[in-house]
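Chains A and B, in that order, give the protein sequences. Take the first sequence: its letters are residues 1 to 585, numbered as in the working numbering. Take the second sequence: its letters are residues 1 to 401, numbered as in the working numbering.
In case anyone wonders, no lab produced these hints; they're calculated from the structure. Bear in mind that the values here come from a model prediction, so they are computed numbers and not experimental data. A virtual CB, placed ideally from N, CA and C, is assigned to each residue, including glycine. Among the hints, a few may not be true.
Unchecked claim - Calculated lysine-lysine pairs in the DSSO-like style (CA-CA distance at most 27 Å, straight line): (1) LYS370(B) x LYS124(A); (2) LYS471(A) x LYS263(B); (3) LYS46(A) x LYS2(A); (4) LYS127(A) x LYS263(B); (5) LYS278(A) x LYS568(A); (6) LYS134(B) x LYS3(A); (7) LYS124(A) x LYS363(B); (8) LYS245(A) x LYS576(A); (9) LYS343(B) x LYS127(A); (10) LYS222(A) x LYS558(A); (11) LYS134(B) x LYS124(A); (12) LYS137(B) x LYS3(A); (13) LYS204(A) x LYS2(A); (14) LYS263(B) x LYS124(A); (15) LYS370(B) x LYS507(A); (16) LYS292(B) x LYS471(A); (17) LYS81(A) x LYS46(A); (18) LYS134(B) x LYS2(A); (19) LYS137(B) x LYS127(A); (20) LYS374(B) x LYS124(A); (21) LYS558(A) x LYS528(A); (22) LYS127(A) x LYS292(B); (23) LYS221(B) x LYS124(A); (24) LYS127(A) x LYS49(B).
Stated by the list, open to error - Now the in silico label distances, taken between C-beta atoms and shown as ranges: (25) MET305(B) x LEU18(A): 32 to 42 Å; (26) ILE33(B) x ARG63(A): 45 to 55 Å; (27) GLU51(A) x ARG171(B): 37 to 47 Å; (28) ASP297(A) x ILE351(B): 56 to 66 Å; (29) MET512(A) x ARG295(B): 20 to 30 Å; (30) GLN367(A) x ASN72(B): 41 to 51 Å; (31) ILE350(B) x ASN358(A): 47 to 57 Å; (32) ALA85(A) x LEU27(B): 36 to 46 Å.
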Amino acid sequence: MKKTISRNIAIVSAIFMLTFSVMLITNYFQVSCTNTAHPELIENLKQANEELGNNPQLQEQIRELDLMARRAYFVSLYRLKTGAAILLFMAMVFVVSLRLYFANSKNIPNKEVDPIDDWMIKSKARKWMVLAAGGVVVGGFVFALLSSPYIKSFEEGKETSLEDVLVETIDIEEVVVDKVIIDEIAIDKAPEESPVAVAVEVPKTTHSGFRGNNSLGISAAKNMPTSWNLSTGTNILWKVNIPRKGHNSPVIHGNKLFFSGADDDARELFCYELSSGKELWRTAAKNISGSPSKMPDVIDDTGLAAPTVATNGKQVCAIFSTGDVICADMEGKQLWAKNIGVPDIHYGYASSLLIYNNLLIIQYDTQNKPRVIALDVATGNQRWEKERPEKSPSWSSPILAPVNNKPQLILIGNPGISSYNPDTGAPYWRVACLSGEPAPGAAYVNGIVFGAAEYATMVAINALDGSILWKNSDILPEIASPVACNDFVFIATTYGVVATFEAQTGKLIKTMEFSTEFDSSPIVADGKIYLICTDGKVFIFSAKGDFTLLNSFETGEKTFATPAFTDKKIVVKSEKVIYCVGEKD
Amino acid sequence: MNRFPKPDFESGYVYPQQQFVIPNEVLWSYIDIAVLVFLMGFVTWALIKKQIRWPVVLTSVVSIFYFGFFRNGCVCGIGAVQNVVLTLVSDSYSIPLYLLLLFTLPLVFAIFFGRVFCAGVCPFGALQELVNVKNWKISKSVSTVLGVFPWVYLGFAVLFAVTNSRFIICRFDPFVWIFRFGGELPLILFGVLLLIFSVFTGRPFCRFICPYGAILSLFSKISFRQVKITKKECINCSLCHNACPVDAIYPPYQNKVNEIRSKGVHRILRYVVFMPLMVAAGVTIMYMLSDKISRVNNDVRLYDMAMGNETNHSNVLSLELEAFWGREQTLEELAVRVEEVQKGFRIWSIIIGAFFGLVIALKLIHLSTKRGRKVYDISSAECVGCGRCFSYCPQNQKKIS
Numbered sequence: 001m002k003k004t005i006s007r008n009i010a011i012v013s014a015i016f017m018l019t020f021s022v023m024l025i026t027n028y029f030q031v032s033c034t035n036t037a038h039p040e041l042i043e044n045l046k047q048a049n050e051e052l053g054n055n056p057q058l059q060e061q062i063r064e065l066d067l068m069a070r071r072a073y074f075v076s077l078y079r080l081k082t083g084a085a086i087l088l089f090m091a092m093v094f095v096v097s098l099r100l101y102f103a104n105s106k107n108i109p110n111k112e113v114d115p116i117d118d119w120m121i122k123s124k125a126r127k128w129m130v131l132a133a134g135g136v137v138v139g140g141f142v143f144a145l146l147s148s149p150y151i152k153s154f155e156e157g158k159e160t161s162l163e164d165v166l167v168e169t170i171d172i173e174e175v176v177v178d179k180v181i182i183d184e185i186a187i188d189k190a191p192e193e194s195p196v197a198v199a200v201e202v203p204k205t206t207h208s209g210f211r212g213n214n215s216l217g218i219s220a221a222k223n224m225p226t227s228w229n230l231s232t233g234t235n236i237l238w239k240v241n242i243p244r245k246g247h248n249s250p251v252i253h254g255n256k257l258f259f260s261g262a263d264d265d266a267r268e269l270f271c272y273e274l275s276s277g278k279e280l281w282r283t284a285a286k287n288i289s290g291s292p293s294k295m296p297d298v299i300d301d302t303g304l305a306a307p308t309v310a311t312n313g314k315q316v317c318a319i320f321s322t323g324d325v326i327c328a329d330m331e332g333k334q335l336w337a338k339n340i341g342v343p344d345i346h347y348g349y350a351s352s353l354l355i356y357n358n359l360l361i362i363q364y365d366t367q368n369k370p371r372v373i374a375l376d377v378a379t380g381n382q383r384w385e386k387e388r389p390e391k392s393p394s395w396s397s398p399i400l401a402p403v404n405n406k407p408q409l410i411l412i413g414n415p416g417i418s419s420y421n422p423d424t425g426a427p428y429w430r431v432a433c434l435s436g437e438p439a440p441g442a443a444y445v446n447g448i449v450f451g452a453a454e455y456a457t458m459v460a461i462n463a464l465d466g467s468i469l470w471k472n473s474d475i476l477p478e479i480a481s482p483v484a485c486n487d488f489v490f491i492a493t494t495y496g497v498v499a500t501f502e503a504q505t506g507k508l509i510k511t512m513e514f515s516t517e518f519d520s521s522p523i524v525a526d527g528k529i530y531l532i533c534t535d536g537k538v539f540i541f542s543a544k545g546d547f548t549l550l551n552s553f554e555t556g557e558k559t560f561a562t563p564a565f566t567d568k569k570i571v572v573k574s575e576k577v578i579y580c581v582g583e584k585d
Numbered sequence: 001m002n003r004f005p006k007p008d009f010e011s012g013y014v015y016p017q018q019q020f021v022i023p024n025e026v027l028w029s030y031i032d033i034a035v036l037v038f039l040m041g042f043v044t045w046a047l048i049k050k051q052i053r054w055p056v057v058l059t060s061v062v063s064i065f066y067f068g069f070f071r072n073g074c075v076c077g078i079g080a081v082q083n084v085v086l087t088l089v090s091d092s093y094s095i096p097l098y099l100l101l102l103f104t105l106p107l108v109f110a111i112f113f114g115r116v117f118c119a120g121v122c123p124f125g126a127l128q129e130l131v132n133v134k135n136w137k138i139s140k141s142v143s144t145v146l147g148v149f150p151w152v153y154l155g156f157a158v159l160f161a162v163t164n165s166r167f168i169i170c171r172f173d174p175f176v177w178i179f180r181f182g183g184e185l186p187l188i189l190f191g192v193l194l195l196i197f198s199v200f201t202g203r204p205f206c207r208f209i210c211p212y213g214a215i216l217s218l219f220s221k222i223s224f225r226q227v228k229i230t231k232k233e234c235i236n237c238s239l240c241h242n243a244c245p246v247d248a249i250y251p252p253y254q255n256k257v258n259e260i261r262s263k264g265v266h267r268i269l270r271y272v273v274f275m276p277l278m279v280a281a282g283v284t285i286m287y288m289l290s291d292k293i294s295r296v297n298n299d300v301r302l303y304d305m306a307m308g309n310e311t312n313h314s315n316v317l318s319l320e321l322e323a324f325w326g327r328e329q330t331l332e333e334l335a336v337r338v339e340e341v342q343k344g345f346r347i348w349s350i351i352i353g354a355f356f357g358l359v360i361a362l363k364l365i366h367l368s369t370k371r372g373r374k375v376y377d378i379s380s381a382e383c384v385g386c387g388r389c390f391s392y393c394p395q396n397q398k399k400i401s
């Protein structure tokens, strides 16, 4: 009788538990899936309340709904907890009744699942053990091999280090380069000049963009003066006022000097004669489809014409903070003009242009759609465009690094330092290592790319595979780009410290501190490093040995732009004037 | 946890200053230790001295209510394994004395009296003990292989603890939801499954999962006073063998398979010779998998998420990424941390891999040895001290009658 009662209780409690479990699980999912904390209706009403300017009646309604949602949530929770307690109680009833049912039934000997012989059991267990362990070992090996980066790198035909795991590595495509533009572009034949210019010597060393050719900060120019004086005119060939405001840097090709300027009235590209400082021509960005009627909000430190122009000796292009790009031939005939979209970027757009072969490279790291664009420099037609996975804008400018005689387009963003095939835009590698608001461009020497940003780090990257060689966060530039040459990398900071590091190891070679600020980037030329601070004081260091300060002198002109170099001449663009330094004949 | 935000509108209501009653945890920790010692002593008295089962059942009930429902099943000796190993390797973490005692006292008792902690003092063991009704046997060869899993689990628990990544024993506790009236659904389902198994076969969690049980079994093996089925002479009736829910009672050894002695010796020698190879295999596999395994670490996972987002840029960030960027940390800082974590994983994976290889090799050597038994004997390493065998033994019945 007792046994029967126990059995029946066990059955009833089991059925109850099953049914109750289903109900509880359903309730559990209802509570979990319903986001009672933010019901859609309440959110919509809140939005409506904001739009109506805090309507008291609506607020009261929202409060009531909110209270209702809270009640509903806590009631569900209470139900769930109570249900769990009831279920637990029923489980106890089930177990107790089951135990009572089996109370007097002992486990009597029945059919053995194992052989009687202990040794046979052990032998069988050994066999299972070997099989199981062997299976785990083989499975583990296969899984480890299949998921190993070593296998992947073997398939890709290159070795992989830890950095490869940390760095997004992309197959380096076979690059076919017509010609590698490095250091110096000799002008095969002198460009056609006006009759006046025929008499003057045309410099052969170009300075074709921001920080010179390929934007590397290295010039092949020689025999430049190491001192000048604007007040007395010593070593000053000419000096003229800047026709329109712009923090962009000058660019030299042959006897032509280019720069741009913009204000609320106009956005213009200027061409001056290098030998005389005479304006040859100017062309304006106007009547461009898509160009905004109102100038974008920019700060004075950036202005409307911060990006430096670029030339290839046939065309010269300029970009403005409106997104207007214009291109003219060397005689000032505007070839094309287009707007590539008003850049959504605080402070204002500042990335300089770069020309590679017949491609105009535009780093367009804006807030809404960071990307890099290549336009046909002759026609303005888009050749390729790549979206960049950067999380915020950057003000950095592209460089062209001749890695193993194959050019790589290096861009700095936040947080990535990226390498692209300049012909196709195909990404080579990307290292996400920076943060904040990167403005300095990259530097390159001997297979190493250097990137830096204030409040982040300076990093040296193997340009072949994107692996990180070293990092240093002690001294960081904010605006001025680093320059690398031979076996060192040189940086100048906005807090007046200049520092030199070993390129291969990152070991600090020397630091010097000056009570000033460096926005202009250093240029290595003729075995020296030329650097101008914002107050206009010029610093010339030796580019070897212990990087001795060879000379420093005041110019009295606030300078933010990076000077342009050609043989025997330096063109400095200050805030208000542009002047040419050179020994007078 | 699903939390409500505070109401948005200013209605003049002033939120009361939050006040918390500081629980007297120190006092409760002393009580915990006292209860632990008392219950283990009580079980020891019952199993070793009196050979009776009811105190074990009573202890189980007390343990479930005190350590389980009242103390919410935390902390316990099982999880304390992780705290102990973390203390051994970390300069920044030191284990509280209370926790150390929770870990060591059952081991001390095991050295003297066997696994009395498992008998009914451990709330998990108690839970399985009380729901166990039938005793369906699992093939001994299968249960021997499954018996290796607690060591593997222990290895991973140590690996994740020493790398400061995760306490997996606590994270994947299959029973704690019962004591807290809630938990994650997969763990609830797993716990329910284990309890259903426990109804029909003895202690599946203790035998095939519990890493602390694995350690206790080692100490119990060399215990000074072990649980005996009867104090009288065994009459080889085999009743106790059928009664044991964990199959810890071995029958008298009858060697029906006549194997040449030299063959057995050669087998053992072969395993001894291959032991370094097994250790090397464990080391190699674990080392190769270390980077994958390191994804258990929150920083490594966060870095992977961040890098994934860099690759496939998405404006909708996960909560983790939002929190990461919100703290204004840089990926570079994170990468440095990740590198450090992965380095730790590599080193410890080698050690744990060697441990795995060693466990397998020693298990195989153990399975290659022959041990003579003339009567039914309890394997003190496997015995969880439930005391069921006492009432089955006719010799004990005589005593009772």
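Hint check:
no. : hint                              : result
1   : LYS370(B) x LYS124(A)             : 14 Å, holds
2   : LYS471(A) x LYS263(B)             : 62 Å, violated
3   : LYS46(A) x LYS2(A)                : 64 Å, violated
4   : LYS127(A) x LYS263(B)             : 16 Å, holds
5   : LYS278(A) x LYS568(A)             : 19 Å, holds
6   : LYS134(B) x LYS3(A)               : 16 Å, holds
7   : LYS124(A) x LYS363(B)             : 13 Å, holds
8   : LYS245(A) x LYS576(A)             : 8 Å, holds
9   : LYS343(B) x LYS127(A)             : 36 Å, violated
10  : LYS222(A) x LYS558(A)             : 26 Å, holds
11  : LYS134(B) x LYS124(A)             : 26 Å, holds
12  : LYS137(B) x LYS3(A)               : 25 Å, holds
13  : LYS204(A) x LYS2(A)               : 113 Å, violated
14  : LYS263(B) x LYS124(A)             : 16 Å, holds
15  : LYS370(B) x LYS507(A)             : 66 Å, violated
16  : LYS292(B) x LYS471(A)             : 26 Å, holds
17  : LYS81(A) x LYS46(A)               : 32 Å, violated
18  : LYS134(B) x LYS2(A)               : 19 Å, holds
19  : LYS137(B) x LYS127(A)             : 20 Å, holds
20  : LYS374(B) x LYS124(A)             : 22 Å, holds
21  : LYS558(A) x LYS528(A)             : 22 Å, holds
22  : LYS127(A) x LYS292(B)             : 30 Å, violated
23  : LYS221(B) x LYS124(A)             : 23 Å, holds
24  : LYS127(A) x LYS49(B)              : 40 Å, violated
25  : MET305(B) x LEU18(A): 32 to 42 Å  : 40 Å, holds
26  : ILE33(B) x ARG63(A): 45 to 55 Å   : 50 Å, holds
27  : GLU51(A) x ARG171(B): 37 to 47 Å  : 46 Å, holds
28  : ASP297(A) x ILE351(B): 56 to 66 Å : 60 Å, holds
29  : MET512(A) x ARG295(B): 20 to 30 Å : 46 Å, violated
30  : GLN367(A) x ASN72(B): 41 to 51 Å  : 49 Å, holds
31  : ILE350(B) x ASN358(A): 47 to 57 Å : 56 Å, holds
32  : ALA85(A) x LEU27(B): 36 to 46 Å   : 27 Å, violated
Hint check: violations occur at hints 2, 3, 9, 13, 15, 17, 22, 24, 29 and 32; the rest are consistent with the structure.
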